[in-house]
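Colleague: Chain residues, written in single-letter form:
2 protein chains.
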Amino acid sequence: MSKKSIIKPKPISGFPEWLPEFRIVEQRWMDHIRAVFESYGYCSIETPSVEEIDILTAKGEVDKEIYTLTRLHAGADDDKDARLALHFDQTVPLARYVAMHFNDLVFPFKRYQMQRVWRGERPQLGRMREFYQCDIDVIAVDNLPLSFDAEMPAVIYEVLDGLNIGRVQLRINNRKIMFGLLDALGITDEDAVIQVTRAIDKLEKIGRKEVHNLLKEQKISNDNITKILELVLIKGRAADIAKIKAENAMMQEGIDELSFVLSRLEHLPEHGFIGDLSIMRGLDYYTGTVYETELLDVPEFQGSVCSGGRYDDLAGNYINKHLPGVGISIGLSRLFDVLKQTGHLQAGPRSPADILVVIPSKDQMDTAANTARSLRSRGFKVELYHAAQKLGKQLSYAEKKGIPYVWFPPFEDGQDHEVKNMESGEQSAATPDTWEKS
Amino acid sequence: MSKKSIIKPKPISGFPEWLPEFRIVEQRWMDHIRAVFESYGYCSIETPSVEEIDILTAKGEVDKEIYTLTRLHAGADDDKDARLALHFDQTVPLARYVAMHFNDLVFPFKRYQMQRVWRGERPQLGRMREFYQCDIDVIAVDNLPLSFDAEMPAVIYEVLDGLNIGRVQLRINNRKIMFGLLDALGITDEDAVIQVTRAIDKLEKIGRKEVHNLLKEQKISNDNITKILELVLIKGRAADIAKIKAENAMMQEGIDELSFVLSRLEHLPEHGFIGDLSIMRGLDYYTGTVYETELLDVPEFQGSVCSGGRYDDLAGNYINKHLPGVGISIGLSRLFDVLKQTGHLQAGPRSPADILVVIPSKDQMDTAANTARSLRSRGFKVELYHAAQKLGKQLSYAEKKGIPYVWFPPFEDGQDHEVKNMESGEQSAATPDTWEKS
Chain A
1 MSKKSIIKPK
11 PISGFPEWLP
21 EFRIVEQRWM
31 DHIRAVFESY
41 GYCSIETPSV
51 EEIDILTAKG
61 EVDKEIYTLT
71 RLHAGADDDK
81 DARLALHFDQ
91 TVPLARYVAM
101 HFNDLVFPFK
111 RYQMQRVWRG
121 ERPQLGRMRE
131 FYQCDIDVIA
141 VDNLPLSFDA
151 EMPAVIYEVL
161 DGLNIGRVQL
171 RINNRKIMFG
181 LLDALGITDE
191 DAVIQVTRAI
201 DKLEKIGRKE
211 VHNLLKEQKI
221 SNDNITKILE
231 LVLIKGRAAD
241 IAKIKAENAM
251 MQEGIDELSF
261 VLSRLEHLPE
271 HGFIGDLSIM
281 RGLDYYTGTV
291 YETELLDVPE
301 FQGSVCSGGR
311 YDDLAGNYIN
321 KHLPGVGISI
331 GLSRLFDVLK
341 QTGHLQAGPR
351 SPADILVVIP
361 SKDQMDTAAN
371 TARSLRSRGF
381 KVELYHAAQK
391 LGKQLSYAEK
401 KGIPYVWFPP
411 FEDGQDHEVK
421 NMESGEQSAA
431 TPDTWEKS
Chain B
1 MSKKSIIKPK
11 PISGFPEWLP
21 EFRIVEQRWM
31 DHIRAVFESY
41 GYCSIETPSV
51 EEIDILTAKG
61 EVDKEIYTLT
71 RLHAGADDDK
81 DARLALHFDQ
91 TVPLARYVAM
101 HFNDLVFPFK
111 RYQMQRVWRG
121 ERPQLGRMRE
131 FYQCDIDVIA
141 VDNLPLSFDA
151 EMPAVIYEVL
161 DGLNIGRVQL
171 RINNRKIMFG
181 LLDALGITDE
191 DAVIQVTRAI
201 DKLEKIGRKE
211 VHNLLKEQKI
221 SNDNITKILE
231 LVLIKGRAAD
241 IAKIKAENAM
251 MQEGIDELSF
261 VLSRLEHLPE
271 HGFIGDLSIM
281 RGLDYYTGTV
291 YETELLDVPE
301 FQGSVCSGGR
311 YDDLAGNYIN
321 KHLPGVGISI
331 GLSRLFDVLK
341 QTGHLQAGPR
351 SPADILVVIP
361 SKDQMDTAAN
371 TARSLRSRGF
381 KVELYHAAQK
391 LGKQLSYAEK
401 KGIPYVWFPP
411 FEDGQDHEVK
421 NMESGEQSAA
431 TPDTWEKS
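From first to last, the protein sequence lines are chains A and B. Residue numbering for the first sequence follows this note's numbering, beginning at 1 and increasing consecutively. Residue numbering for the second sequence follows this note's numbering, beginning at 1 and increasing consecutively.
Hints should not be assumed to be uniformly reliable.
Said to hold, decoys possible - Using C-beta positions, here's what the derived DEER-type ranges look like:
hint, chain 1, residue 1, chain 2, residue 2, range
1, A, Pro11, B, Ser13, 31 to 37 Å
2, B, Arg198, A, Met422, 26 to 32 Å
3, B, Lys362, A, Lys243, 23 to 29 Å
4, A, Asp413, B, Ala192, 48 to 54 Å
5, B, Gln415, A, Ile206, 51 to 57 Å
6, B, Asp161, A, Arg122, 46 to 52 Å
7, B, Asp54, A, Ser428, 53 to 59 Å
8, A, Arg167, B, Glu426, 30 to 36 Å
9, A, Arg127, B, Pro11, 28 to 34 Å
10, B, Glu412, A, Leu296, 35 to 41 Å
11, A, Gly392, B, Glu266, 29 to 35 Å
Simulated from the structure, these hints should not be mistaken for lab results. The beta-carbon is built from N, C-alpha and C at its ideal position, and this holds for glycine as well.
Chain A extracted, bound-state conformation (with noise of 0.2 Å):
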């Protein structure tokens, strides 16, 4: 053959990968996360990678930026192709699922989602182009319950208490609260309501002022101002909640709501849980219970790492059905990549094995694989040591890999084995039958 030219390959910017030792960790992260779903009773759906433009743009222009799909080699059948991109999410395509599938699916549907969606924007530090998500909804027909509201923030706990990234606190507010108020000050313009929720969304950013500032702007009263502030400043539990005055019907719902999804999470840690009613979520799409989440441990972590809420209509584009529904995200991989760069996150090893199988000489190659077989029978993850080379070298290898345990067969089968404990150093006689990790 001739000399090969050699093209370096080059990480491409916005699309991370891992290497082994942090990979397993993120696999760890995901099976835990799918645990507590499932043990709320969640079932997993996958979508395809891709939906049509049409369907994606349904509601309108989007504005994350998309990625486009093209054939390299235009076919004959190319026109006949539908229009795809990428998914940026999995709210659209949850939507078209439960439209296209309506018949076939148990309401109330709960299902999880953990898939890898994509957007074309510009990478930085917990912004990527392509990453994981991983969302829980439940979908109802007409009518969903007040309980599965209550039921997000308890997963969710459970979840980000699991992965050992500090404390978690869930901030949950409800829209209807302020929607009452600003209606009762006679703050009714859907533009300046808009205006008005997004001015409180900054209050954490900004400031009281700088917001007092931006409600000015849409000329409001400053005893308006003030009444709205006096509002958004309230934090607490379910009672402190009921007690707030209500100037309406709608503001007296929201209070109701919010207090009843707080009374419901008393089983969690003081810390676990707030009720805020700073938390306005930007997205017009929420229409009660809103949610976002503060790592209270990780100060570099800016922002939500998990939030949602409740909508009135999931799937109203596609078909004629009146589906609420309430849901809230995970954003898998922008959490785990910011705890990696700011050293949050310790690798694990770079093995999934709990045993190395050793094969002292050639000699003892039949007796090893077969030890290696009835570990593996036994439940135990055990890679079998390919050729009889220096101990030294086996050894050297299993620690290079991070396998806790070396084991080894003795030169004839019915004879000692013996296992040595890579982090103590301590070795002692033990048999593949009724072997324990120490």
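Here the structure of chain A is known, so what remains is to put chain B in place on it, guided by the hints.
Modeller: Leaving out everything else, chain B in the frame of chain A:
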């Protein structure tokens, strides 16, 4: 809000998606496959869904139909964007990964990869545009021990045997045997050798006589054709292969390697593997051991479920290192789709939950929630019904979702609970702290 126009979504040809009751089966499959891979010490990697087009085509034009990516709204930084395309397999990404992270990996590098790949081919039964592949490969620097060639079929047998799809047979050959014979017969022209191996590959499909004609076209003498056909008809175990008379050193090497590999598989059931000298695998890429896999009890499944082999040089296009490897790939979605469409696949439940805790009356809401939590803490997957509705409605919900147990909480904490087994209809007293599935 004004009345919306509805865009009715349609399935996209070649991009499959499953209802929850089949997705749950696909998940079981993937969990099982992953568990077997890890039980042999293979670590997981995931690569981005895209590669640079220059990387994908480093070996020359690819015969697969590639999907390229374009951002819908061109931005100012578009010129600087890499030219990207979705990967069409996991071998090119593996090669690129190993070359790029060479200094951070421990060799032999044993990795598995279970991701979606994309090919813009015309969809038909068992051929999709988006599908999962499950690959394992071992990559070494300079020398890769033959024991890995024997590990591949052991892993794959265990994987497929656990999927409940009937008996599986691994068919194994070593290309050096035929290359040696051809060399001994004076058939050394590179193109002729390729044509001969391709003709042999067709043996099962077109029969002995047609292969004879194809070899004749290559101007091979009748005597030599007879010798070639005699060889490819050989099937057997290690001892049978060892008896083949070699015409030269290369042929002997192939015989020795194949009989070694077969001898290491004697722990498998008799039907589980066979040396089969007609297996050639079209790709020129393979240099020694090659594998195919047959489903003995699913005649509808055409072709190989799972194939692979040994190659000399994984990443010569990307790095100046000699990296031999051996690998095998399961066409997961293809297998799943064909079995589903031919009625070999049973749907699973529509929910992962083991138990539905019902709420017979409003007063029992707290007790029901506490019961669900304590069952979850014992590892059960538990859905809490969302409202105090008629019991018949709650039971019918469990039935429709395929949830096997329904739990009736008492009117007060401390009183008797009851559990109904939905399959047998039996109902009996139970406590959340001690209950086990019957």
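Colleague: Could you run down the list of hints and mark each one as holding or not?
Modeller: Here's how the hints hold up against the structure:
1. Range check, proline 11 of chain A to serine 13 of chain B: about 34 Å between beta-carbon atoms, so the 31 to 37 Å window is met.
2. Checked against the hint of 26 to 32 Å, the C-beta distance between arginine 198 of chain B and methionine 422 of chain A comes to roughly 49 Å, which is inconsistent with it.
3. For lysine 362 of chain B and lysine 243 of chain A, the Cβ-Cβ distance of about 24 Å falls inside the hinted range of 23 to 29 Å, so the restraint holds.
4. Our hint of 48 to 54 Å for aspartate 413 of chain A and alanine 192 of chain B holds, since their Cβ atoms are close to 50 Å apart.
5. Between glutamine 415 of chain B and isoleucine 206 of chain A the beta carbon distance is about 55 Å. The supplied range of 51 to 57 Å therefore holds.
6. Here the CB-CB span from aspartate 161 of chain B to arginine 122 of chain A is close to 49 Å, well matched to the stated 46 to 52 Å.
7. Aspartate 54 of chain B and serine 428 of chain A have their C-beta atoms about 55 Å apart, which keeps the hinted 53 to 59 Å range intact.
8. Between arginine 167 of chain A and glutamate 426 of chain B, the C-beta spacing of about 45 Å breaks the proposed range 30 to 36 Å.
9. A hinted range of 28 to 34 Å for the beta carbons of arginine 127 of chain A and proline 11 of chain B is consistent with their spacing of about 32 Å.
10. In this structure the hint that glutamate 412 of chain B and leucine 296 of chain A lie 35 to 41 Å apart at CB holds, the actual value being about 37 Å.
11. Between glycine 392 of chain A and glutamate 266 of chain B the C-beta distance comes to about 31 Å, which sits within the given range of 29 to 35 Å.
Violated hints, listed in ascending order, are 2 and 8; each of the other numbered hints is respected by the structure.
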